[in-house]
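Undergrad: The chain contents come next:
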Amino acid sequence: MKSDFYEFFCPVKVISGKQALSNLPHEMDQLNVKRALVVTDKGVAGAGLISYVQDAFQGSSCEIGHIFDETPPDSSNMVVNQVAELFRQKNCDCFVAVGGGSCIDTAKGANIVVTEQTDDLMKFRGAERLKKAMKPLLVVPTTAGTGSEVTLVAVISNVQAGVKMAFTSDRLYPNVAILDPKMTMTMPPKITAATGMDALTHAIEAYYCLQKNPISDSLAITAIKLAMGNLVKCVENGKDESARLAMANSSLIAGMAFSNSMVGVVHALAHATGGVCHVPHGVANAILLPFGMENNLAKRAAEIGELAPYLCEREIQGDDRAKAGAAIQAVRDLNKKLNQLSGLPNRLRDAGVTEDKLEAIAKVAVNDGALIYNPEEVTFEEALEILRRAF
Amino acid sequence: MSQSLNKSDSLGLDSGGLAAAGPSAAISYPKAKEPMGLNKLFSLSYPVKSGIARVALLALAVGFEYLSRNCDKLKKEISTWEEGRVFALSVLSQGPSVVLRKENGAIRYIGGNLKDSEIVFYFKNIDSALMLFAGLIGAHTASAQHRTIVHGDIGIAMEVLRAMNIAQSYLYPGIVLKKTFKRAPKLSFSEQILKLKLMLALLPGIAAAAKK
Numbered sequence: 001m002k003s004d005f006y007e008f009f010c011p012v013k014v015i016s017g018k019q020a021l022s023n024l025p026h027e028m029d030q031l032n033v034k035r036a037l038v039v040t041d042k043g044v045a046g047a048g049l050i051s052y053v054q055d056a057f058q059g060s061s062c063e064i065g066h067i068f069d070e071t072p073p074d075s076s077n078m079v080v081n082q083v084a085e086l087f088r089q090k091n092c093d094c095f096v097a098v099g100g101g102s103c104i105d106t107a108k109g110a111n112i113v114v115t116e117q118t119d120d121l122m123k124f125r126g127a128e129r130l131k132k133a134m135k136p137l138l139v140v141p142t143t144a145g146t147g148s149e150v151t152l153v154a155v156i157s158n159v160q161a162g163v164k165m166a167f168t169s170d171r172l173y174p175n176v177a178i179l180d181p182k183m184t185m186t187m188p189p190k191i192t193a194a195t196g197m198d199a200l201t202h203a204i205e206a207y208y209c210l211q212k213n214p215i216s217d218s219l220a221i222t223a224i225k226l227a228m229g230n231l232v233k234c235v236e237n238g239k240d241e242s243a244r245l246a247m248a249n250s251s252l253i254a255g256m257a258f259s260n261s262m263v264g265v266v267h268a269l270a271h272a273t274g275g276v277c278h279v280p281h282g283v284a285n286a287i288l289l290p291f292g293m294e295n296n297l298a299k300r301a302a303e304i305g306e307l308a309p310y311l312c313e314r315e316i317q318g319d320d321r322a323k324a325g326a327a328i329q330a331v332r333d334l335n336k337k338l339n340q341l342s343g344l345p346n347r348l349r350d351a352g353v354t355e356d357k358l359e360a361i362a363k364v365a366v367n368d369g370a371l372i373y374n375p376e377e378v379t380f381e382e383a384l385e386i387l388r389r390a391f
Numbered sequence: 392m393s394q395s396l397n398k399s400d401s402l403g404l405d406s407g408g409l410a411a412a413g414p415s416a417a418i419s420y421p422k423a424k425e426p427m428g429l430n431k432l433f434s435l436s437y438p439v440k441s442g443i444a445r446v447a448l449l450a451l452a453v454g455f456e457y458l459s460r461n462c463d464k465l466k467k468e469i470s471t472w473e474e475g476r477v478f479a480l481s482v483l484s485q486g487p488s489v490v491l492r493k494e495n496g497a498i499r500y501i502g503g504n505l506k507d508s509e510i511v512f513y514f515k516n517i518d519s520a521l522m523l524f525a526g527l528i529g530a531h532t533a534s535a536q537h538r539t540i541v542h543g544d545i546g547i548a549m550e551v552l553r554a555m556n557i558a559q560s561y562l563y564p565g566i567v568l569k570k571t572f573k574r575a576p577k578l579s580f581s582e583q584i585l586k587l588k589l590m591l592a593l594l595p596g597i598a599a600a601a602k603k
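So the sequence lines, in the order shown, correspond to chains A and B.
In terms of my numbering, the first sequence has 303 at position 303, counting the first letter as 1, and numbering is strictly consecutive.
In terms of my numbering, the second sequence has 601 at position 210, counting the first letter as 1, and numbering is strictly consecutive.
It is possible that part of the hints are untrue.
Here are the simulated SDA-like cross-link-like pairs (lysine to any residue), alpha carbons at most 25 Å apart as the crow flies [stated by the list, open to error]: (1) B/Lys-464 / A/Ala-161; (2) A/Lys-363 / B/Ala-525; (3) B/Lys-573 / B/Leu-587; (4) B/Lys-602 / B/Gln-583; (5) B/Lys-570 / B/Ala-525; (6) B/Lys-467 / A/Lys-13; (7) B/Lys-506 / A/Asp-356; (8) B/Lys-570 / B/Gln-536; (9) A/Lys-363 / B/Lys-588; (10) A/Lys-363 / B/Val-446; (11) B/Lys-424 / A/Asp-4; (12) B/Lys-506 / A/Asp-4; (13) A/Lys-13 / A/Ala-161; (14) B/Lys-577 / A/Phe-380.
Because the hints were derived from the structure by calculation, they are not lab data.
Only a predicted model underlies this, so the values are computations on that prediction, with no experimental measurement involved.
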């Protein structure tokens, strides 16, 4: 049996829809906090999205204590410590993350520093080490892909040690996630495509990896349906508010699914590809997804085949293998379409990876925790073979 | 009056079957069946289960020590580890623990004090530990089912896990490996001989380790 024992947890309040951002001060009030430290980045601030957040506070007793807009693409322990210090200095009582995965992870990391009264995150690496109640964290995603607004994970680089620190804890779930379509409308087509494929990868891997369960299954299927119905629309017309909101929901729902069922070889290889060659996570996931699905065909043909009705445009007849093959082909077709529309790379070589780096990527990938949850065993040689095929 | 109060109290939520049915007689349940086969393990008292888990952990520690000196696969796997790496397995919250350290290229069992361990694999409870030790589930299933958690660097934990899988492949019979590994390891004739030698060394090894 594939789900004979499981845990499922997601305590995040979700507010989704037009003008949902206006609810932010009310949600702070409900959490009994008044003064927010906003964690964002230059790109989000430059696109004018922070002014929407500031507008939401008009007529409210809640306020913004400080706006930190210097979050880098890969958050580090130094940035996290800086944000935590600002939180104390400015007498804030909650975090509001406005941005993509890095801004959200930075807020989560700073929250650990503030709550545990430490400046050494290394002590908290690993699973379920955080036990104290944390400061409230409200999240307003400006991309539709990471799902970090509903996950228990944070990844922060340690600059001095040269390692990426991973933290998982039920305490790291944000309190509130606000999906407002106007916050993702300015995303360029290529980033829309890459982040959307990140969401789709979360949902597909959640559906066939080892920790799958009945709840994550239903969430994964909903996320896939929303992505397949709306991702291309968002790339073709970024101003399509309804499609943008649907993709934001797809990302969030896929986040709920994979936070409880975890991901597999696609993510292990994508993390490593990002680490070694700085390929954006969504781009690497998009390229590697069909190859990762193929890697699991021997053990998961039935599950991958079950996704065919949601991934394929026409009805697929035949056995599990035939349906799974069609599902994989549908992902390839989607990648091709996104490549035509936005220039999303379809091969590793087109994403800046050179052949001499494949071994280094495979070496890092076999030490990625996501491999535990991949149904098929993946050795260094097999990881390298997948990378060669995707090259 | 009572009806209208119920309506206003419900706020549109289903009040639940039992409450809606009002006061009723206690439900009578049939007596629970006695556990069968390996499941009997879980009905033992905690001290007995803890003792079994301790012996199993010591067997793993002894196996690790022996194989790190004699098994080429394990030697190769740990060759890239830094000297002095300390890792441990422990049962929460106050169950048995074993701590191992890489010393002079091999693995050495150094007792049960977790203080200096950079990586600790925790079983959430004694039954979860027994499920793994009894060969009912594999390490990856224990992780997937959240029966275990890791404290420390995940990359290092993956290296230790691979080494642990090699050690387990010599400690369990093939039928268990087939059931608990994603891909059951196939041992060559010389590796089967090594497995036999390990089995012979196991009992005295456990007895010696238990004194530490």
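Undergrad: Take the hints in turn and mark each one as holding or not.
TA: How the hints compare with the structure:
no. : hint                  : in the structure
1   : B/Lys-464 / A/Ala-161 : 29 Å, violated
2   : A/Lys-363 / B/Ala-525 : 32 Å, violated
3   : B/Lys-573 / B/Leu-587 : 24 Å, holds
4   : B/Lys-602 / B/Gln-583 : 29 Å, violated
5   : B/Lys-570 / B/Ala-525 : 12 Å, holds
6   : B/Lys-467 / A/Lys-13  : 49 Å, violated
7   : B/Lys-506 / A/Asp-356 : 41 Å, violated
8   : B/Lys-570 / B/Gln-536 : 16 Å, holds
9   : A/Lys-363 / B/Lys-588 : 33 Å, violated
10  : A/Lys-363 / B/Val-446 : 35 Å, violated
11  : B/Lys-424 / A/Asp-4   : 20 Å, holds
12  : B/Lys-506 / A/Asp-4   : 35 Å, violated
13  : A/Lys-13 / A/Ala-161  : 36 Å, violated
14  : B/Lys-577 / A/Phe-380 : 18 Å, holds
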